[in-house]
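Asker: Residue numbers (this note's numbering), protein chains in the order written: chain G, 1 to 831; chain W, 832 to 946.
Read the hints as simulated data drawn from the structure, not as lab findings.
The reader is advised that the hints may include incorrect statements.
[What the hints assert, rightly or not] Capping the alpha-carbon separation at 20 angstroms, the derived lysine to aspartate or glutamate pairs in EDC-like fashion look like this:
{"id": "1", "chain 1": "G", "residue 1": "780", "chain 2": "G", "residue 2": "790"}
{"id": "2", "chain 1": "G", "residue 1": "516", "chain 2": "W", "residue 2": "898"}
{"id": "3", "chain 1": "G", "residue 1": "802", "chain 2": "W", "residue 2": "848"}
{"id": "4", "chain 1": "G", "residue 1": "804", "chain 2": "W", "residue 2": "898"}
{"id": "5", "chain 1": "G", "residue 1": "321", "chain 2": "G", "residue 2": "765"}
{"id": "6", "chain 1": "W", "residue 1": "858", "chain 2": "G", "residue 2": "790"}
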Amino acid sequence: MSKQKLVVIGNGMVGHHYLESLVESGFAEQYEITVFCEEPRLAYDRVHLSAYFDGSSADDLAMGTPALYDSWGLNVLIGEKAVEIDRKNKTVTATNGDVLNYDKLVLSTGSYPFVPPVPGHERENCLVYRTIEDLEAIEAAAKGSKVGVVVGGGLLGLEAAKALRDLGLETHVVEFAPRLMAVQLDEDGGQLLRNKIEGLGVKVHTNKNTQLIDEGETAKHCMNFADGKKLETDLILFSAGIRPQDELARQSGLEIGERGGIVVNNHCQTSDENIYAIGECALWNNRIFGLVAPGYTMAKTAVSHMLGGTEEFTGADMSTKLKLLGVDVGSIGDAHGMTPGAISYKYSDDNTASYKRIIVSEDKKTLIGAVLVGDCEQYDTLLQYALNGIELPEHPESLILPALDGSSAPALGPDALPDTATICSCLNVTKGQICCSIDDGATDVGMVKDATKAASGCGGCAALVKSVVDCELEKRGVEVNTDICEHFPHTREEIYHIIRVEGIRSFHELIGKHGKGLGCDICKPAVGNMLASCWNEHIMDEKHVSLQDTNDTFMANMQKNGTYSIVPRIAGGEITPDKLIVLGQVAKKYNLYTKITGGQRVDLFGAQLHELPLIWEELIAAGFETGHAYGKSLRTVKSCVGSTWCRYGVKDSAGTAINLENRYKGLRSPHKIKFAVSGCTRECAEAQSKDIGVIATENGWNLYVCGNGGMKPRHADLFATDLDDETLIKYIDRVLMFYIKTGDRLQRTSVWMDNLEGGLDYLRDVVINDTLGIAEELEKQMAHVVDTYECEWKATLNDEEKLKRFRTFVNEDGGDPQIVNIIERDQIRPA
Amino acid sequence: MNTATKLDWKTLCSQNDLVPFSGVAAKLDEAQIALFYLPGEEESLFAVCNHDPVSSANVIARGLIGDVNGEPVVASPLYKQHYALKSGLCLEDESLQLRTFPVRINGDHVEVLNA
Ligand code: SRM
Ligand SMILES: Cc1cc2nc3c(=O)[nH]c(=O)nc-3n(C[C@H](O)[C@H](O)[C@H](O)COP(=O)(O)OP(=O)(O)OC[C@H]3O[C@@H](n4cnc5c(N)ncnc54)[C@H](O)[C@@H]3O)c2cc1C
Ligand code: SF4
Ligand code: FES
């Protein structure tokens with residue numbers, strides 16, 4: 001049987017999700033699939049498009065790669081637009097004239113930005129905000145500009161305004177309606193949002209109807225409004241709404257809505273049963289859905305229908321929660337209270353600059369809408385009430401009123417949610433599905449996320465997912481044992497706390513007071529490590545020496561034949577010729593294998609235990625220090641050459657890397673920590689794959705946190721932008737000490753972040769806004785570590801007792817005769 | 832029937848060569864012995880073969896000491912298998928066993944019985 005031919009036109013977010021769902025269904029192989037992708041790259045995450053301005057690259061935003069599509073067996077025509085559909089002969093024509101047959105056709109052509117037909121709108125630097133190319137054009141245009149105007153004060157317009165402001169322009173928002181976000185907010189909410197945004201230096205002009213754009217006097221353009229006022233600007237960004245991309249459908253005679261959009265039924269079929277339309281181009285029940293989640297549901301529906309399934313698209317919830325220019329905004333359901341008989345409650349607080357309104361049904365039993373500005377804490381709870389029709393408490397207003405007597409507002413426990421409650425709306429995951437994944441064996445949040453994909457979209461639901469998972473595990477009597485090991489009935493975090501609070505200085509004391517037995521290879525190194533983080537005493541002090549794994553004990557990494565490697569610190573990867581020569585000489589003298597490491601330094605392999613002090617004596621005499629390659633501690637701060645040599649560098653990345661490495665060297669932490677500093681956005685130091693990444697910008701440093709290479713790579717998150725040197729250090733101090741305080745044993749910062757309730761926003765709150773009030777303490781703790789740093793090897797060489805440990809045999813000089821090397825590529829290696 | 836006098840106790844090192852709650856290696860002719868010292872415990876001195884059967888390297892003396900359900904063990908520093916100090920048996924793989932030696936402190940001397 002020859003395969004059915006499936007053609008997909010449009011490879012945006014929804015088109016991609018369609019393909020992904022089809023592949024996941026396991027039936028993709030029944031089709032010969034061709035995808036038209038008009039843009040010069042495969043689908044990318046348009047929702048996070050603005051991250052492009054924060055330093056994310058097109059690759060970071062990419063949703064699929066050519067290799068992935070290849071492995072799915074798809075034929076993708078990148079940069080190729082479909083120009084004609086012939087429904088009679090079932091063919092699609094490409095720009096290059098090729099004609100393809102189809103049995104089934106999927107239209108996922110999305111939408112395009114609406115540009116009001118104001119005379120002058122086609123002038124230079126009049127742009128839109130939809131694709132990566134648009135952003136490149138905006139970036140280029142902003143270079144020669146001082147003032148920028150966004151036309152449109154909706155969600156997207158405000159996001160665009162942030163981008164212009166961040167590009168350093170004097171930014172204005174011009175809105176036709178009397179208020180911002182007219183669709184989602186009521187008047188009071190819109191007004192508060194406006195105040196807040198103006199407080200951030202963005203000028204807002206409402207009730208403005210642009211009639212003409214012509215030559216400016218002080219700037220490139222002059223915008224002329226209907227009320228006679230004018231505004232001069234160098235750059236204009238239109239964000240006045242979207243229009244469904246339905247051109248092909250029109251041309252081929254499919255049914256189109258009055259105001260555009262390809263008409264579809266509950267199966268996402270168009271008026272031609274062999275053609276589906278999904279995403280922003282589709283018109284269902286006379287509505288266009290301009291959000292990604294409904295598009296994903298449509299994609300799944302179309303896949304299901306094509307394969308004979310029964311899923312239907314029956315509309316979607318358009319509630320939104322966002323941070324716009326740093327202001328929390330939430331809108332749920334009928335935000336304007338248009339439902340007949342609806343009752344509304346408002347609470348507005350000038351002091352904290354927040355506004356909350358709920359709209360409830362006539363019988364006060366169900367929540368039908370809400371508006372939140374300035375404080376979105378109750379969003380999740382309110383949304384669950386609205387989506388699931390959960391009966392409201394007797395006094396619905398209690399949901400938004402502040403807790404006066406200390407009792408907090410009645411939060412909706414995860415237990416109260418029905419199984420049908422949607423927990424993650426991006427990926428459409430219900431509480432029931434989460435429960436199923438737990439019944440199928442998932443035992444923690446990470447496994448549930450892997451199984452259900454919950455929280456892998458906007459991430460807004462992460463906290464809710466965690467509380468549902470915790471609650472369900474508890475209900476099933478799964479005792480999540482988080483004890484570090486059999487010797488301590490405590491987690492790592494608790495032990496850390498005990499050590500700090502009780503001022504405990506030795507393992508002996510700790511296990512005597514809080515544990516039992518001798519300890520083991522899990523708790524001993526972990527405690528040794530925490531003692532070092534807290535008190536920074538020498539790891540080979542008598543009371544600590546038995547705690548460490550061999551690597552820490554002998555301050556070198558054991559290799560497979562029992563010999564050790566030696567990695568001196570080469571801060572930032574910078575080394576003088578003289579020091580390089582010493583490394584060569586020492587390696588030659590002790591017959592060590594040498595290799596340049598992935599961390600920009602040199603590793604010397606093959607030393608026996610008794611040789612370590614001899615080798616270090618020579619290295620220290622030449623000015624080297626230990627590189628802590630053995631410790632759960634700072635490894636390297638990788639650098640690029642930066643502005644001192646590189647023609648693109650905007651700051652001295654090497655100098656900063658060296659400073660950072662010298663500051664944090666010796667810091668013991670739950671797992672190893674790696675940094676990198678790049679001198680410009682070309683990012684030659686790969687900072688975004690490090691625990692702490694620093695990238696120079698024209699205005700300072702961008703700080704990235706919690707990246708990882710290794711087994712499960714994770715891109716670092718952009719934490720803060722344009723920092724000066726001092727703030728950079730302050731934030732890094734706090735982030736690292738908070739990690740040391742709360743991280744689990746052997747948990748890299750990446751996994752720590754993925755498990756941190758509240759995620760990146762929470763970390764920002766703790767570090768930047770000091771919501772826990774511990775910032776000063778964290779800095780003090782770091783200062784102690786920095787001030788008490790000493791090279792462990794140097795201290796060891798000055799201590800006869802410690803040196804006694806470095807004997808291969810206690811009753812014989814010399815080494816282990818059973819260690820045999822052979823020569824390969826002119827150097828030794830274990831036989 | 833008095834064979835006790837024939838027992839061949841050999842001195843390996845002095846007591847202060849031992850490191851509390853940790854191990855050291857000593858040579859016994861061509862063989863290598865790992866000595867572990869747990870002062871204050873009921874049985875405080877153990878001697879096992881220094882050879883790690885998994886990696887074939889002589890590294891057992893450099894392993895970490897601990898207990899599993901009260902049973903004193905050493906964890907191999909390379910691949911982390913646990914060996915009971917009393918019996919030499921590997922907890923993860925019963926086909927593995929470290930040779931054990933009778934050991935005692937005699938005056939200031941640490942002695943093993945070379946059987
Ligand atoms: C020497 C080196 C490889 C080389 O020849 O280049 C190396 C060697 C080892 N790595 Fe590595 N890693 C080395 C760079 C890296 C890098 C690259 C980097 O740092 O830029 C990575 C990925 C980046 C990252 O960590 O995010 C890396 C990811 C790992 C991992 C996986 C960590 C993870 O989070 O998944 C381990 C295993 C672990 O730590 O549990 C590991 C562990 C090890 C150990 C310690 C394994 C062991 O226990 O014996 C290796 C012994 C080092 C030694 O004997 O000195 N090594 N390792 C590199 C030393 C860099 C340095 O100068 O300190
Ligand atoms: C800056 C920004 C922020 C956003 N923020 C959010 C948010 O926070 N939350 C949210 O839910 N949504 C958000 N959205 C909306 C979201 O991005 C869209 O809902 C989603 O991308 C729609 O997906 P789609 O596949 O239908 O359309 P698109 O992603 O637009 O994809 C359509 C693709 O089809 C291609 N195409 C069109 N015609 C043809 C043809 N004839 N031949 C070949 N290819 C063709 C187009 O070039 C395009 O690549 C945001 C959008 C933008 C621009
Ligand atoms: S990151 Fe920038 S400054 Fe550093 S080497 Fe690369 S191009 Fe030069
Ligand atoms: S709601 Fe967006 S990821 Fe779950």
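Asker: A separate judgement is required for each hint: does it hold in the structure or not?
Answerer: Going through the hints against the structure:
1. G:780 with G:790: Cα-Cα ~18 angstroms, so holds.
2. G:516 with W:898: Distance ~10 angstroms between residue 516 (chain G) and residue 898 (chain W) Cα, so the pair holds.
3. G:802 with W:848: OK: residue 802 (chain G) and residue 848 (chain W) at ~12 angstroms, within 20 angstroms.
4. G:804 with W:898: violated (26 angstroms)
5. G:321 with G:765: holds (18 angstroms)
6. W:858 with G:790: Answer violated: residue 858 (chain W) to residue 790 (chain G) is near 35 angstroms, above 20 angstroms.
Checked against the numbered hints given earlier, the structure breaks hints 4 and 6 and satisfies all the rest.
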